[in-house]
Amino acid sequence: MIFTEGRFFVLFLLCFLVHWSLRGSTARKAWLLACSCVFYGAWDVRFLALMFATLTLDYVIGAVLGKERAPGGRKLWLALSIAGNLGILGFFKYFGFFVDSAVAFSAWLGLPMSARTLDIVLPVGVSFYTFQSMSYTFDVYRRELKPAKSYLDFALFVTFFPQLVAGPIVRAVDFLPQLETLKRWADVAARPALVLFLVGFVKKACIADQVAPTVDLLFAHPEQYGVYSTWIGVVLYAVQIYCDFSGYSDMAIACAALLGYRLTLNFDFPYLATDITTFWRRWHISLSSWFRDYLYIPLGGNRVSQSRTYSNLALVFFLCGLWHGAKWTFVVWGLMHGSYLVLHRLWNARVSKESALARFGGSIGWILTPLAVLLAWVVFRAPDFGAAAEVWGRMLGAGGEASAAFTWRWAPFVAVLFAVHVLSRRRTLAPFEKQAPDWAFALAYGIAWAVALPWVATGTTPFIYFQF
Amino acid sequence: MSLARTLGLVALSGLGFGLVAAAIRPLVPWPEEYGLAEKLRWWNAHADENDLVFVGSSRVFRAFDPRVFEEELAAGGTRLSAFNFGVGGVRPFEMDLILRALLERRPRKLAWVLYEGGPMDPRFEPLDDVEASRTVFWHTPAVTAIVLHSVARWPFTGVDASQWRERHAWIGPALDATGLLELAWRADLARRHAQVLGWNVTSFGQGRAILGEVLGEELASNRRRMLSPEELANGKGYVAFEDNADEKDAERHRILHANPEGFAQRVEEVRIGNDAFPDVETLNLPAVAAQQAVVRAAGAEIAYVVLPDRFPRPDRRALERAGKIETVLDFDQPDLWPQFFTLPSRFDAGHLSRAGSIEFSKALAREFAKLAKAPR
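Heads up: the sequence lines are chains A and B, in that order. Note that the working numbering has the first sequence beginning at 1, numbered continuously upward. Note that the working numbering has the second sequence beginning at 1, numbered continuously upward.
Calculated from the structure, these hints are not laboratory results. Be aware that one or more of the hints could be misleading.
Unchecked claim - Chain B stretches covered by chain A per the calculated footprint, using a threshold of three residues with CB under 8 Å from any CB of chain A:
| # | region |
| --- | --- |
| 1 | 5-19 |
| 2 | 359-373 |
What the hints assert, rightly or not - Using 25 Å as the maximum straight-line C-alpha spacing, the simulated SDA-like pairs for lysine to any residue come out as follows:
| # | chain 1 | residue 1 | chain 2 | residue 2 |
| --- | --- | --- | --- | --- |
| 3 | A | Lys183 | B | Arg5 |
| 4 | A | Lys146 | A | Ile2 |
| 5 | A | Lys434 | B | Val20 |
| 6 | B | Lys248 | B | Ala74 |
| 7 | A | Lys434 | B | Arg91 |
| 8 | A | Lys434 | B | Asp246 |
| 9 | A | Lys434 | B | Arg153 |
| 10 | A | Lys327 | A | Leu375 |
| 11 | B | Lys324 | B | Glu94 |
| 12 | A | Lys353 | A | Leu341 |
| 13 | A | Lys183 | B | Ser2 |
| 14 | A | Lys434 | B | Gly8 |
| 15 | A | Lys146 | A | Leu375 |
| 16 | A | Lys434 | B | Leu15 |
| 17 | A | Lys183 | B | Gly8 |
| 18 | A | Lys353 | A | Gly301 |
For glycine and all other residues, C-beta sits at the position ideal for the given N, C-alpha and C.
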């Protein structure tokens, strides 16, 4: 079940109405947990057990950590949580990848070997909920958070359906306190939530899914396209992945808000960033901050030597790439971004902020940053390195004759999207959203849906980030 | 905010949605698949030239040659102009919509509608693409109301029960045990049609088609155009299968002619099955009555025609016997029309070949001449 499906609307409406009609906090939380189980069970009911095993492990370890005083014992319990979570993630997501890679490496060394990999089905959202659950034990271990008071609260924190399968990755420290108070409808900012849901729906169903077939054509047969079509296809992929993922996040945040809960912001106009560091502060914020807080800073962050900082960055982005999927193309994507960040830091370290060179760098950052991001998206999307190399080559005008081409109309389409994106950052419509009379807002909202629905791409495309 | 005020705002939002959706819907073009929109455009430009139109599926498209039909009638002293409005893949519900669209044009000379019709089976067949723009398009409120009438009355068979139970394994056995399986099946069928109606009235996913229509462009998805304007002018809506069969059609042709015994078996099944009359109460009588009424309101007469097929089609004769329709010309009877149940007369098991269509158009002309001369 995905947010753009009719059955999700039915489930959400039912969930919403019952939620607000229940009087007690416990009853509401139990109801939300039940809805979350139905939502997740709609994919594969068997994986509910896996999810509950993960969260039960962390709940128990969190409770023990709350009482354990001995540093050695605390470390042991933390290690158990990490091993349990990464064990599940490793088995379901990376087992086949590591075995295949070992076999390939062995063959490369001239020592051919055979291995039997298991045909393992990847549970939806496993990367998200294991990271979310792990963050809880980290925070309890660091004494930044008290253990959850009830199993119900903790289970709802991990399974809360708006963010369950594709984030934002919510921190326990942000969410668990929200469960302690009884929500009041009067406190819900319904208008922004309704607008955000519609915006997310349009991004996913009307933009990302509309451009997806063109992107698929390019990456399936890159050798058929010339310079213009290749560039357009790559730009469209950047549009697709942004609209797909940020659209999902918008809908998740909106659904949670309508139920009285606040989720973390996940995207903040990343394509308008003028340097790569800012890009990563605005793209998939909940994941990048997770890696920052639970990996980069514990490794020493910026407080160690420059060379160590750079190698830490490379390691973090290696793992960030691997988090996205069990493929070497994702790893290379992560390493590319790691390299960009190292280069940016080197630049900042070597070039004085007041210098003409720094001003020049700042003025070309708005073109260099998206360009670097685009080049990395190629390997992220390509089925293999051969296809990625073909796309990069064709972007530079290399390769043979083009036998196919995309319509010129994609170029103005992208330009219009970009203009809308810029206007959205300026919040051009915010005054109407805030100040319009209720009747005008209600009428405009209905009209906006009627205008949006014809532009939905028919045939449901799953959210890209479900596979991660 | 009070509950009444909240409900009022929801209603206002719904009103805005409904009004704009209703304004957008007429902009959605008729689906082009199998040349449906193309034939409709032709009809709208030339409707006043025709005395007779034959509305139906690919069986009509491939079987009824208006020129042969006109010549045969002319030989008997009757002069009229006919048009073939057979379109591939049309189901009886869609045919109902097409019939109304043709008559909306108020053709001045039109005196006769030959109508294929058929049992209004509300089930989606396994191969139906429920999301196809064409299936969505014919789910207008009026046609969906007809469908829902069929949903309430269509016989619930053991095959339906087992298929539904299998698809809904989590609840099927429990419903079966409590005797609610048939109700659940009908409710589920109604829900699916209602969902498609929802897609239709909101023009769901039709933005590019609307844009293409506005810009006068052919969409990449409109791949199944069947006739050019020249072909429509020359053939009056008819083209023999031999003249534009695709690979799948050719494969069906090859299968039929490689297995004459199988075809003979089918013919025997048609012969036997023709005597198994269905219960007319299951045949959506209001829709059949409305079809006749709409044709007569346009100043024309309607005759139902059953074409030579690979299945028995006794439903229209059952309606005739029950007095629900006046005239049926049934050619799906191997004993009466053996010439249409031979291999040379067939392109594939369900469609006539060029030779078969010539023979059929002549036979239809002769039967029609009797009908036209009969006092009414």
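Evaluation of the provided hints:
| no. | hint | verdict |
| --- | --- | --- |
| 1 | 5-19 | holds (count 11) |
| 2 | 359-373 | violated (count 0) |
| 3 | A:Lys183 - B:Arg5 | 21 Å, holds |
| 4 | A:Lys146 - A:Ile2 | 33 Å, violated |
| 5 | A:Lys434 - B:Val20 | 23 Å, holds |
| 6 | B:Lys248 - B:Ala74 | 37 Å, violated |
| 7 | A:Lys434 - B:Arg91 | 50 Å, violated |
| 8 | A:Lys434 - B:Asp246 | 58 Å, violated |
| 9 | A:Lys434 - B:Arg153 | 52 Å, violated |
| 10 | A:Lys327 - A:Leu375 | 18 Å, holds |
| 11 | B:Lys324 - B:Glu94 | 21 Å, holds |
| 12 | A:Lys353 - A:Leu341 | 17 Å, holds |
| 13 | A:Lys183 - B:Ser2 | 18 Å, holds |
| 14 | A:Lys434 - B:Gly8 | 19 Å, holds |
| 15 | A:Lys146 - A:Leu375 | 44 Å, violated |
| 16 | A:Lys434 - B:Leu15 | 22 Å, holds |
| 17 | A:Lys183 - B:Gly8 | 24 Å, holds |
| 18 | A:Lys353 - A:Gly301 | 22 Å, holds |
The structure is inconsistent with the numbered hints 2, 4, 6, 7, 8, 9 and 15, although it conforms to all the rest.
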